[in-house]
Structure formats: C-alpha cells, structure tokens
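> Could you build the full structure based on these sequences and the hints that come with them?
Protein chains in written order, with this note's numbering: chain A, 2 to 366; chain B, 8 to 589.
Honestly, the hints are just simulated from the structure, not real lab data. These numbers were taken from a predicted model, which means no experiment stands behind them. All C-beta atoms in this analysis are idealised placements derived from N, C-alpha and C, irrespective of residue type, glycine included. Hints may be right or wrong, so weigh each one.
[Unchecked claim] Covered stretches of chain B, as calculated for chain A (at least 3 residues, CB under 8 Å):
| hint | region |
| --- | --- |
| 1 | 71-80 |
| 2 | 127-133 |
| 3 | 240-248 |
[As the list claims (entries may be wrong)] Beta-carbon label-pair distances, calculated as ranges:
| hint | chain 1 | residue 1 | chain 2 | residue 2 | range |
| --- | --- | --- | --- | --- | --- |
| 4 | A | Ile52 | B | Ile443 | 47 to 57 Å |
| 5 | B | Leu427 | A | Thr294 | 46 to 56 Å |
| 6 | B | Ser113 | A | Phe105 | 46 to 56 Å |
| 7 | B | Leu311 | A | Ser328 | 23 to 33 Å |
| 8 | B | Asp330 | A | Ser328 | 28 to 38 Å |
| 9 | A | Ala19 | B | Thr246 | 29 to 39 Å |
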Amino acid sequence: MHPLLTVFLIFGIPAGLALGWVFLRGSESLRRYILTRIAHTVPMVLIQISIVFFVLRVMPGDVVSSTLGPKASDAARENIMEALGLDDPLIVQYFKFLGDVVTFDLGDSFIGARRPITDELGERLPATLELIIPAAIVALGTGLLFGTYAAIRRKRTADYSLRLYSVIVYSMPIFWLGLLLRLVFSVWLDWTPIAGRIDVVTNTTLERTTNLLLVDSIITGNWAAMRSVLHHMILPAMTLGLVLSGVFIRLTRINVIETLQEDYVISARARGIRERVVTYSYALKNAMIPVVTVIGLQVAILLAGAVLTETVFNWPGMGRYLIERISSRDFQAVQSTVAVFALFVAMISLAVDVIYSVLDPRVKY
Amino acid sequence: MRRTRLSWRIIALLGALALVAAACGGDDSGDDTTTTTAAPAATTTTAAPSDTTTTTEAMMDDRTIIIGTTDTVSSLDSADAYATADWELIKAFNEPLLRFQPGSNSVLEPGIASLPVASDDGLSWEVTLRDGLVFGDGLELTVEMAVAQLNRLMDTDLQASAPNQVGNTLAIPYVESIEAVGDDTIRFNLLGPAGFFPQILAGAPYTIAHPDYFALDEMNLLPTAPIYGLGPWTITEITAAEQTVLEPNPFYTGSYPARVDRIIVQRFANPSAMADAVREGEIDVAWRILGAEAADDLKSVDGLTVETIPQAPIRYLIVNHADGFVTADPLVRQALAAAIDRDELSDVVFGGAVTPLLSPVPPGFLGANEAFEDAYQAPNLDLAVQLLTDAGYSESNKLQLDLGYPPEHYGVTTADGVLLVAQQWEATGLIEVNAIAQEWSTYVSNCTNGDTYPVCVLGWFFDFPDAENYLQPFIEGDGLGTMVLCPNDSCGEGVTATGIDPLLGQLLLDQRAETDLDKRAELIGQLQDVYADEVVTIPLWLEPEFIIYRDGIVGDSSLPNPQTLNIGPDFEFIYSVLDITG
Chain A
2 MHPLLTVFLI FGIPAGLALG WVFLRGSESL RRYILTRIAH TVPMVLIQIS
52 IVFFVLRVMP GDVVSSTLGP KASDAARENI MEALGLDDPL IVQYFKFLGD
102 VVTFDLGDSF IGARRPITDE LGERLPATLE LIIPAAIVAL GTGLLFGTYA
152 AIRRKRTADY SLRLYSVIVY SMPIFWLGLL LRLVFSVWLD WTPIAGRIDV
202 VTNTTLERTT NLLLVDSIIT GNWAAMRSVL HHMILPAMTL GLVLSGVFIR
252 LTRINVIETL QEDYVISARA RGIRERVVTY SYALKNAMIP VVTVIGLQVA
302 ILLAGAVLTE TVFNWPGMGR YLIERISSRD FQAVQSTVAV FALFVAMISL
352 AVDVIYSVLD PRVKY
Chain B
8 MRRTRLSWRI IALLGALALV AAACGGDDSG DDTTTTTAAP AATTTTAAPS
58 DTTTTTEAMM DDRTIIIGTT DTVSSLDSAD AYATADWELI KAFNEPLLRF
108 QPGSNSVLEP GIASLPVASD DGLSWEVTLR DGLVFGDGLE LTVEMAVAQL
158 NRLMDTDLQA SAPNQVGNTL AIPYVESIEA VGDDTIRFNL LGPAGFFPQI
208 LAGAPYTIAH PDYFALDEMN LLPTAPIYGL GPWTITEITA AEQTVLEPNP
258 FYTGSYPARV DRIIVQRFAN PSAMADAVRE GEIDVAWRIL GAEAADDLKS
308 VDGLTVETIP QAPIRYLIVN HADGFVTADP LVRQALAAAI DRDELSDVVF
358 GGAVTPLLSP VPPGFLGANE AFEDAYQAPN LDLAVQLLTD AGYSESNKLQ
408 LDLGYPPEHY GVTTADGVLL VAQQWEATGL IEVNAIAQEW STYVSNCTNG
458 DTYPVCVLGW FFDFPDAENY LQPFIEGDGL GTMVLCPNDS CGEGVTATGI
508 DPLLGQLLLD QRAETDLDKR AELIGQLQDV YADEVVTIPL WLEPEFIIYR
558 DGIVGDSSLP NPQTLNIGPD FEFIYSVLDI TG
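Structure, rendered in structure tokens:
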C-alpha cells in the first residue's frame, strides 16, 4: 500500500468516524455547518493552488536553467520544455493542471529524478506529521500547564516569570532557537542527536510501511528503532513546540483567570471542593474552549515553522521539500505541496470547529 | 470515581515517563560511530522483527563507514546523469570502461576495459573488455550488451526525454557510432580526432548500465534498490532525500574491491548540521559541501582530520563580447582583467584558502600556463587606467558596468569575492559598478544567454579532466554567454566573430585533433595566450573543497593523496579505498 494512502487511513479513519458520530448525534444546524464547511474547502483549495500556479509562472527564472545549468544547449532546453508541457499556452497549462487535480493526479516532479510527486509526498508528509504532532503536544502541554500555573499564581513571581517567558519564546526565531538547542543539548551536553529522524545505521534495519517511523518501528517490533526515533524527535519537537507554547500560555492564563472568577467556581469553593479540583476540573476545562479555537489557527503556523525546523535538524519533511522546489521552480511539486498543506489546514480547522461545538453545547452554527 | 481518575493520571504519567526514558536511553550507534558498527542480521535492507533485539548489538561489530554530504541524488542512469554526486554513486556501483587512479586525475587505468588504442588517423578508438565481467546479481556481461547500453548515449530520442541529456554533451558531439568487434572489443568511431577521448571514457556516462534496470528505450533515473552494476558496490537501499546504503558486490573482479562491509551516504539539508554531525561522531566523513569557515572550525576538534582537496572547480567572470555591451570593446575587457587583484581576493575573502587562477586552464592540466599573469601582471592599475583612457573613458565619463552575481548559490564567500572585484575595478577611478544580485534560477539563464549582463560570475567543474573542457565551452557555440564566436546567432564550429583573433577558433580545433601530447600542450599554451589577450573570460580563483574524517578512517596509502582519502583534483571519491583501522 502506498505510504501516502496508509497515512491517510491512519488519520483519516478515526477522524472520519469521529466526524460521522458528531454528524449523526449533532443538531440539524451542526450538520448543515459541517456540510457547508466541507463544501467551502473545495473552492478554498482551488483558489490557493490557482494563485500559486500563476505566481510561479510569472516569477523570473525558469525550471530548465535551474535544472540543466549553464551548460545546456538550446535544443536540450526546448526538449525539456516540451516534455514538461511548459511550451503550451498558459491557459492550456492551467486547465490541464485543474484536470489533473480533480483526478488526484499530482504528476511528476520537474527536476531531479522526475519522480511521481505522490511518491515524494509519501516520504515527506509522514516526516512532517511526525514533527508537528509531537510539537503540538509540546506546545499544548507546556502552554496549558504553565498558563494554568501562572493563573493560579497571579501577580506573583511565577506569574511574571511565565509571562515573560511566553513573550520571549514566541518572539524567538524558530531557526535560532533550534540552532541554540542543538548547540547546547547535542554539541555541548551530547544528550541528543544532531539531526535526522533516526540513527543512520538503525535506519537500515527499519522496515518502512507508513514512513511514520514511530508507527513502523512499533508495528515491526523494532524497539531499537523506536528508541532512536523518539530520541531524534526531542529537539525538533521542542523547538517548534516551545515557540508556539507562548501563545497557549498567555491564552490559557487569561481564560483560567476569568473562569476562576465565575460564580460556579466560587460556589464550588464554597461547597468545600479542593482548590486543585476547582482549578483543573472546573476552571481549566471551561477555559480550554477558546484555546481549542486557537489550535486551529496555530496549525498553519506549525506548518510554517516546520519549514525552518526541518532545515535546522535535517528533517526530510514537506517544509524542506517545498523550499527546495520553489528554488528550482519545480511548479508541479510546489502546487501539489501547497494543495496538501491547504487541505490539511482546512481539515484541522473544520475539526477544531466541530470539537468546539461538542465541548460547548451552547454553541450553535 | 476519584480513584479511577487518579489511576488514569498515574497511568498517563507513567506512560509519559516511559516514553521520555525510552527516548533518552536511545541506543543510537551514532554516539560511537567511528568504526564499530556491526553487520546486520541480513544483507537485505531490513531485519526480521525477531532479530531486532540483537540487531543493534550485532551492528556494533560491523565495519560501516557513514559519509555525510549535502549533495542530493537526482539521477543514477548513466545515460543521463550529469551531477558530481550522481557520478560518484554511479562509479561506486558501476565501473566505467576506464578510470583514473584514485587520488590522481592524470593517470588513466583500465576499468572494465583495457586502455584504448587509437587508429592511425585518430578517428576510432578500441577498448577490450575484461574477462569474467558479471553484474552484482550474477548476470554475465556480453560485448553486445555493453554496446547496446552505451548506445543509449547516442540515442537522440532517448536523450531528448532525459532531464540532463549527458549524451548530448559527452557522446554525440564526439562519437559517430559505437560497435562491437569480435567477442570482447568495443570500437568508438569518432566524428573527428580527439586526443582527450580516453579521458571521456573514464566518466560515469561510459559505465555499462544493467539492462534489467535501464532499458534501451527509456530512462530510469532512480531505480528501486537493489541496484546492481559491475562496480565494487551494490546499492542495497536508497531514499533520495535521506540516505544510500552500499554493500560489497561479490562478483566484482576489478582493482579496487570494497575494504569495509558497508558504506552509508547520509544526506544533510545544510552544511552546519553536517559539520556538527561529524564533530559529534554521528558520521565518519563529511564531504561536499563545507565552506572554508566551517572546515576551519573543525580543525581544532580532537579526533578529526581536515584536509583540502587539490582544486579543480573554478570561479570566473563571463565577459560578454556581443555588440551593444561595453565589454565588446577589447580595451575595456583588458582593463577589467588588469585591475583584478587575485591575491587580495584570496586573503581578504578566503583567508588565503583559495588559489588565484591565472589562466582558464587550472594548474596540473596539460598545457596549463599563467596567461593572464603574463599578459597583465595584475593588479596593474596603471595599465587598467591607460586602457580605459584609450577607450574613451575618464573621471567625468566613467565606464558604467553591470555585474551580475548569485548571492547564495556558490555561497556567501563567492558573493563577497565578486563584490571585492567590483571595488577593485572602481579603484581605477574610471569605472562605476552596479552589482546586481539575483536568485540562481533567474540568474543562470540571464548570465548565459548573452542578452543581459556585460559581466557575471559562474563556477565551472570539468566534465572530463582535460584542458579542452576548460576552453571549448567558452569559445564555441554561444560560449555560455561570452558570445565570442556567435554574437549574432552565427554559431558554428570554428566560426570566429568579427574582431576576435581568428586564431582562437583555429587553435581550439587544432589542439583537439592533435594526438602528440607535447604538441598538443604547446597548442593549448598558445590558445591560452590568445584567450587572455582577447579576455574571453576572466579566471578568478580555484575553489577549494574540504574532506573531514574521524580518526580510524583511512584511504589507501599506496595511492596518491592518502591524506585526502585518495580524492585528487578530479574530486572523485572512490569509496572502495576506504578502510577502518583500530
């Protein structure tokens, strides 16, 4: 089975089942909302990839020169242009491209080995997922924990320190933080690997099915590979996650403070419920609702941050792939990658809105 | 209820701690990579699940060398591949007809065939295949198979379908036909005499691709592993963006069999990660492309050896000879050549790490001289000012010159070097330079189309190690933007543009046809003198490359340049010379 399809099934089936459950159990307005959002995804992705299509083709520079270099003859250039369909009128190229998108034919890369883009994404997308999911866990976990603590220690040293910390990490350039963490933990302390998803030699023992190395190592029982993957995941996930945690810290703090002042919280305290239960079971749960909304917005930033993180840590993901292909004017690869990104963000955004309505029954669409 | 909630929290906490402990207790053999890694349980790419608990321990006894590089693999089809990294891998799993002795770029040796014999008229060359040639999967090579595979280079339709079309550069311009003679001899019938043709046969295009992977009528740029050839290695695993794994070919009978159990070529997105990886022992060798600064930093690290490879890649300025450009005036071109201070470039920008290039042909190649030094004794500001004055320029009427460069493609140091050149020109007081930075994809076509820049910078690495390849591309055709021989679309072999010394084109043809090395060297010397006089291009410096390796990794001490792991001026990294000591 193609790794891309496997990944789609791994995430898509549970998500689809959950969405289906919500769809069936939810209100009429929620069902209408879900259908409308799904319908909106199509033109949204179409507009995005159309913009990318035309911008790439009007940008200066050409894929032929960047591929063949200065030595290529005119005949060679013409042959390449014809083979890639770049000598057709722009409007012909566009409608051919739309037709390919509708039939899920992502085409072949223009450069290098001209591999099918689905094969290249099948290698790259799982790598990016294996970066952004742990990063999201780090961001959320750190954000919720520190944000709640700052709220309950309001106007004390801990609160001020954590608020300062949140501003510092959020304003820190991701690549700079990555380089710094790599210098400290990989070079000076030698606690973590320098780069990559897995140890070089261990990689040769791992049978890849999904290209999600953690999943593959568990499926095959290759515990050495699993340990190596987790070990390699620490710094990249921390880099990306810590930067985003700044937002969640501040948001959680504000919402927990507000929630702690609500009547039901005051009455819970009056009934003698312990403060820890009041904070985490009452206040935090309800404070989570706006945080969930922000998660959807932060996904796009996660993907953007992944580009830099992947470069610093030699992580062979889609972000790095996109940068390489933009530099080479590989239109096909860039368009396909942007389409996948757009679809991904749209799906996460929809999921967030649905979760929001589940968490807060008062919400009606 | 409370107890259940508490139980779940404890379980979650224990689970998280287990993950962290597992991660931190990572069994990365990369922590002690240098020499002690074990043979995997099987030679295939994966281990059976039941073996995994012992695989890592077993791996610790394996003789594996990990080579880091920032190069990417784009084509392993010998009828297409044109990049240095691709040729390096192809020559690992497949041996060319001829080869250069590792560590040298001048000593030709038999590869899978004998040294070639030329006919009296120099129009054909014959090589004889070695006995007992067998591909890594046991397929025996026949001369008919070899000729058929080589003719993929001559197939214009096949070449037209390829991204790199190496046949259009290294076969079709020189070869008329390739045929089998008898049971083991291949004859190359040339279009014209070419004394350097044996050097071309030592290139990756002249390897015999396996017919099951590389069909006669279609390209296969990146076959799935295992990839078998006639060379000392078999590619057992390849992920283009990550790593390539090579293991010894048991059927190899050539002169350079593998000396270790496995080579892993690990790809890095950026040089700094590769530098840190070799520093920390996650890789054993760092090769291409580390800058001078990074290499310098690593010199102080214990356990690492940093060596500079004798240079072959060059940096030079394309000078546009076409009408309508200020550089069409030979006085202007000569003034630009006279004003450049190459020693200052080397010292200020590269800390002395580069070698000034005083002729289009680098030192060590047949016929190389110091033509630009002889002509201009640069830096010679007085001469430059005189030439510009004679051309009609003055302090009130300065020469306005656009200078194009790519700020990143060749690294920051090349960009700095170009800007320093601009300053040196402006030091004449009669030139105002407009330095224009452009991203590579845009820049390369602008620089080579002859329509945009009067002067721009490019780098060059030879296709075959001969002076011809440092001269012909800049003279014939559109000369990569020099427009020397066809400034008005009048391209043709030997056609000389108006105003250009007609000797230029004629000498190029004469040296190409000459098979006597001494006479050829003399012709090449004359050609360089005319080249410098006409300022076809302006050579700047030889770009160094660095090899960094950990203690315990050695090359072959019986071959040239063992200190650079037998990488010579041709930049060929022959993996089979590598060994592990201790």
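> If a hint holds in the structure, say so; if it doesn't, say that too.
Taking the hints in turn, this is what the structure says about them:
Only residues whose beta carbon comes within less than 8 Å of a beta carbon in chain A count, and the region 71-80 of chain B has 4; three or more means the coverage holds. Counting residues of the region 127-133 of chain B whose beta carbon lies closer than 8 Å to any beta carbon of chain A gives 0, which falls short of the minimum of three for the stated coverage. Taking a C-beta to C-beta cut-off of 8 Å, the region 240-248 of chain B contributes 4 residues in contact with chain A, enough for the three needed, and the coverage statement holds. Hint check: Ile52 (chain A) to Ile443 (chain B), Cβ distance near 28 Å, so the stated range 47 to 57 Å is violated.
Hint check: Leu427 (chain B) to Thr294 (chain A), Cβ distance near 54 Å, so the stated range 46 to 56 Å holds. Range check, Ser113 (chain B) to Phe105 (chain A): about 54 Å between beta-carbon atoms, so the 46 to 56 Å window is met. Between Leu311 (chain B) and Ser328 (chain A) the Cβ separation comes to about 31 Å, which falls inside the hinted range of 23 to 33 Å. Our hint of 28 to 38 Å for Asp330 (chain B) and Ser328 (chain A) holds, since their Cβ atoms are close to 34 Å apart.
Taking the beta carbon of each, Ala19 (chain A) and Thr246 (chain B) are about 33 Å apart, inside 29 to 39 Å as hinted.
Hint compliance for this structure: hints 2 and 4 are not met, and every other hint is.
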